[in-house]
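Asker: Sequence lines, in order, name chains A and B. Letter by letter, the first sequence follows residues 1 to 144 of this note's numbering. Letter by letter, the second sequence follows residues 145 to 564 of this note's numbering.
Hints in this document: simulated from the structure, not taken from any laboratory. Fair warning: there could be bad hints in the mix.
[Said to hold, decoys possible] Computed beta-carbon distance windows for the label pairs:
{"hint": "1", "chain 1": "B", "residue 1": "332", "chain 2": "A", "residue 2": "32", "range": "22 to 30 Å"}
{"hint": "2", "chain 1": "B", "residue 1": "455", "chain 2": "A", "residue 2": "116", "range": "23 to 31 Å"}
{"hint": "3", "chain 1": "B", "residue 1": "544", "chain 2": "A", "residue 2": "57", "range": "54 to 62 Å"}
{"hint": "4", "chain 1": "A", "residue 1": "69", "chain 2": "B", "residue 2": "455", "range": "39 to 47 Å"}
{"hint": "5", "chain 1": "A", "residue 1": "47", "chain 2": "B", "residue 2": "335", "range": "56 to 64 Å"}
{"hint": "6", "chain 1": "A", "residue 1": "116", "chain 2": "B", "residue 2": "405", "range": "23 to 31 Å"}
{"hint": "7", "chain 1": "A", "residue 1": "69", "chain 2": "B", "residue 2": "332", "range": "51 to 59 Å"}
{"hint": "8", "chain 1": "A", "residue 1": "111", "chain 2": "B", "residue 2": "455", "range": "33 to 41 Å"}
{"hint": "9", "chain 1": "A", "residue 1": "72", "chain 2": "B", "residue 2": "297", "range": "54 to 62 Å"}
{"hint": "10", "chain 1": "B", "residue 1": "396", "chain 2": "A", "residue 2": "54", "range": "51 to 59 Å"}
[Said to hold, decoys possible] Interface residues of chain B toward chain A, partial, derived using beta-carbon atoms under 7 Å:
{"hint": "11", "residue": "153"}
{"hint": "12", "residue": "156"}
{"hint": "13", "residue": "159"}
{"hint": "14", "residue": "257"}
{"hint": "15", "residue": "364"}
{"hint": "16", "residue": "528"}
{"hint": "17", "residue": "530"}
[Said to hold, decoys possible] Output of the computed footprint for chain B on chain A, the stretches with three or more beta carbons under 8 Å from beta carbons of chain B:
{"hint": "18", "stretch": "33-41"}
{"hint": "19", "stretch": "88-94"}
For every residue, glycine included, the Cβ atom is placed at its ideal position computed from N, Cα and C.
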Amino acid sequence: MRFMMIVKATTDSEAGVLPSPELLEAMHRYNEELARAGVLLGGDGLHPSSSAIRISYPEPGGKPKVVDGPFTEAKEMIAGYTLIEVKSREEAIEWALRMPDPHGFGQGQIELRQVFEVEDLTDNPEAIAKENALRQQLEEQRKA
Amino acid sequence: MTSSQTHRTIDAIWRIESPKLIAGLTRMVRDVGLAEDLAQDALVIALQRWPESGIPDNPGAWLMTAAKRRAIDLLRRNKLRDEKYAEMAQTTELYTEDDLERNMDGEIGDDLLRLIFMTCHPVLSQDARVALTLRLLCGLTTDEIARSFLTAESTIAQRIVRAKRTLSSRKVPFEVPEGEELQERLSAVLEVIYLMFNEGYSATTGDHWLRPLLCQEALRLGRVLAEIAPEEPEVHGLVALMEIQSSRFKTRVSASGEPVLLMDQNRTQWDRLLIRRGLAALERCRKLGRPLGPYALQAAISACHAQAPAAADTDWARIAALYEALSRVAPSPIVELNRAVAISMAFGPAFGLQLVDELMHEPALTEYHLLPSVRGDLLAKLGRMDEARSEFERAAAMTRNSREQQLLLKRAAECGGSPN
Numbered sequence: 001m002r003f004m005m006i007v008k009a010t011t012d013s014e015a016g017v018l019p020s021p022e023l024l025e026a027m028h029r030y031n032e033e034l035a036r037a038g039v040l041l042g043g044d045g046l047h048p049s050s051s052a053i054r055i056s057y058p059e060p061g062g063k064p065k066v067v068d069g070p071f072t073e074a075k076e077m078i079a080g081y082t083l084i085e086v087k088s089r090e091e092a093i094e095w096a097l098r099m100p101d102p103h104g105f106g107q108g109q110i111e112l113r114q115v116f117e118v119e120d121l122t123d124n125p126e127a128i129a130k131e132n133a134l135r136q137q138l139e140e141q142r143k144a
Numbered sequence: 145m146t147s148s149q150t151h152r153t154i155d156a157i158w159r160i161e162s163p164k165l166i167a168g169l170t171r172m173v174r175d176v177g178l179a180e181d182l183a184q185d186a187l188v189i190a191l192q193r194w195p196e197s198g199i200p201d202n203p204g205a206w207l208m209t210a211a212k213r214r215a216i217d218l219l220r221r222n223k224l225r226d227e228k229y230a231e232m233a234q235t236t237e238l239y240t241e242d243d244l245e246r247n248m249d250g251e252i253g254d255d256l257l258r259l260i261f262m263t264c265h266p267v268l269s270q271d272a273r274v275a276l277t278l279r280l281l282c283g284l285t286t287d288e289i290a291r292s293f294l295t296a297e298s299t300i301a302q303r304i305v306r307a308k309r310t311l312s313s314r315k316v317p318f319e320v321p322e323g324e325e326l327q328e329r330l331s332a333v334l335e336v337i338y339l340m341f342n343e344g345y346s347a348t349t350g351d352h353w354l355r356p357l358l359c360q361e362a363l364r365l366g367r368v369l370a371e372i373a374p375e376e377p378e379v380h381g382l383v384a385l386m387e388i389q390s391s392r393f394k395t396r397v398s399a400s401g402e403p404v405l406l407m408d409q410n411r412t413q414w415d416r417l418l419i420r421r422g423l424a425a426l427e428r429c430r431k432l433g434r435p436l437g438p439y440a441l442q443a444a445i446s447a448c449h450a451q452a453p454a455a456a457d458t459d460w461a462r463i464a465a466l467y468e469a470l471s472r473v474a475p476s477p478i479v480e481l482n483r484a485v486a487i488s489m490a491f492g493p494a495f496g497l498q499l500v501d502e503l504m505h506e507p508a509l510t511e512y513h514l515l516p517s518v519r520g521d522l523l524a525k526l527g528r529m530d531e532a533r534s535e536f537e538r539a540a541a542m543t544r545n546s547r548e549q550q551l552l553l554k555r556a557a558e559c560g561g562s563p564n
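So that you can see chain A by itself, here it is in the shape it has in the complex (with noise of 0.2 Å):
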């Protein structure tokens, strides 16, 4: 099972403020672990919001409207992630539990959520052909 962990942005984040060096090191620490233990498979930190754009369809069937970073509601937003792969949700959540406090002035959060994998969509070998055969179209339409 993969889960990935997703540290929330905060003020300082977004401001592009690097973390001190004791959080790098003991990020570091904490990602060698995840190797050691044979289940880290990735992870990146994301640039500030002020780099980004937003990209949203206010009218179904319409047009996109492109918004240019940065955004405001920090707490909404992602600074980074690390994917790592597990035997169960526990151990996901025991893994999670160790990451040290992202940020370390009241504003750190990680989020925990489960990777979409084909046989998890459904149990139903029928299903999987079926949505397998429609992502091969969607390809194939890519494609021409």
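Use these hints to put chain B onto chain A, whose structure you have.
Answerer: Just chain B now, with coordinates in the frame of chain A:
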């Protein structure tokens, strides 16, 4: 937290902590069976206490302390009374309480590495190595191991008990081998991991959850090994091979359970993340600057397929060259057969057929259905339909897999003419 939730959490903690715990304890008490018993004792104490007291902040250290206390208790109580420990005390300079203190802060990675060299030790049979490794390094239960190998639980339990006894009676040391022995022993470790992986990967029958579990455990163990033995190119080679093969896990069998050939798989469904990880592992291997070993070469071949956007884009000339290199470091008729296929794809079926014909009298391949199957395919491409049909029929008679048999008979029928 309800009590069942706490138990599930303890299971998860056990999975994360038990290999480190058992490795650390083995270093202290020099007996892997005793170390596992001590770790289990600590788990039992945790199961009694944690539902009431809550989960401690550092459960790993808590478990280690509890296990260490048990070790000291045992040491005091059994010092001379119990034969086993008395004998151990004479033969292995049994630990004292001071040793236990001193040994608490060893390098965890080194201990894990010592433990895996122990569980994959050549004094054990291949089956025993796999079972013991899954048990001690992956933290799987006997039941899980039994179900994933479609074996009775009692068989696996007995195998593990006997393996631990053998390690103890043969006085297998808890150490990382050095010098020339290292390469040989490392190959044994990699072999166990790859065997585990293939057991899960190649079978299409059995419990649909536990077979993939074997692949995942093998891959996880490989990733661990890559962190604790980063200077060994073949470790990265094996990890790369398993990552790339895993990227096709979901496409290698159709929805109705039939095996799908590599060339016919839906590439858009290959797991890009695992491919990227596989390529990165291969790069780590290459950067060590030593000649590529068998796992790295197989990974490089697998990478060629992974990097081709469509089956028609496959760089067969490169694959043929890699098979040639592989046949030098790990010669085998099966590698030769694969090389013949790559050559036929790169340079035409006539060249491939020539190589396959040379393999026709290879004793190791007389029972191998893929030889006539490949030969049939090449003959069909050359328009020699009658010969092709009889090869497909021969292959169909040789395989034990009924789905494969149907596929081969279908190909035979497509060659036209009347069946022999």
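Asker: With reference to the structure, classify each hint as holding or not holding.
Answerer: Each hint tested on the structure:
no.	hint	in the structure
1	B:332 - A:32: 22 to 30 Å	27 Å, holds
2	B:455 - A:116: 23 to 31 Å	27 Å, holds
3	B:544 - A:57: 54 to 62 Å	55 Å, holds
4	A:69 - B:455: 39 to 47 Å	42 Å, holds
5	A:47 - B:335: 56 to 64 Å	45 Å, violated
6	A:116 - B:405: 23 to 31 Å	27 Å, holds
7	A:69 - B:332: 51 to 59 Å	55 Å, holds
8	A:111 - B:455: 33 to 41 Å	40 Å, holds
9	A:72 - B:297: 54 to 62 Å	58 Å, holds
10	B:396 - A:54: 51 to 59 Å	40 Å, violated
11	153	5 Å, holds
12	156	4 Å, holds
13	159	6 Å, holds
14	257	11 Å, violated
15	364	4 Å, holds
16	528	34 Å, violated
17	530	37 Å, violated
18	33-41	holds (count 7)
19	88-94	holds (count 5)
When the structure is compared with the earlier hints, violations turn up for hints 5, 10, 14, 16 and 17 and for no others.
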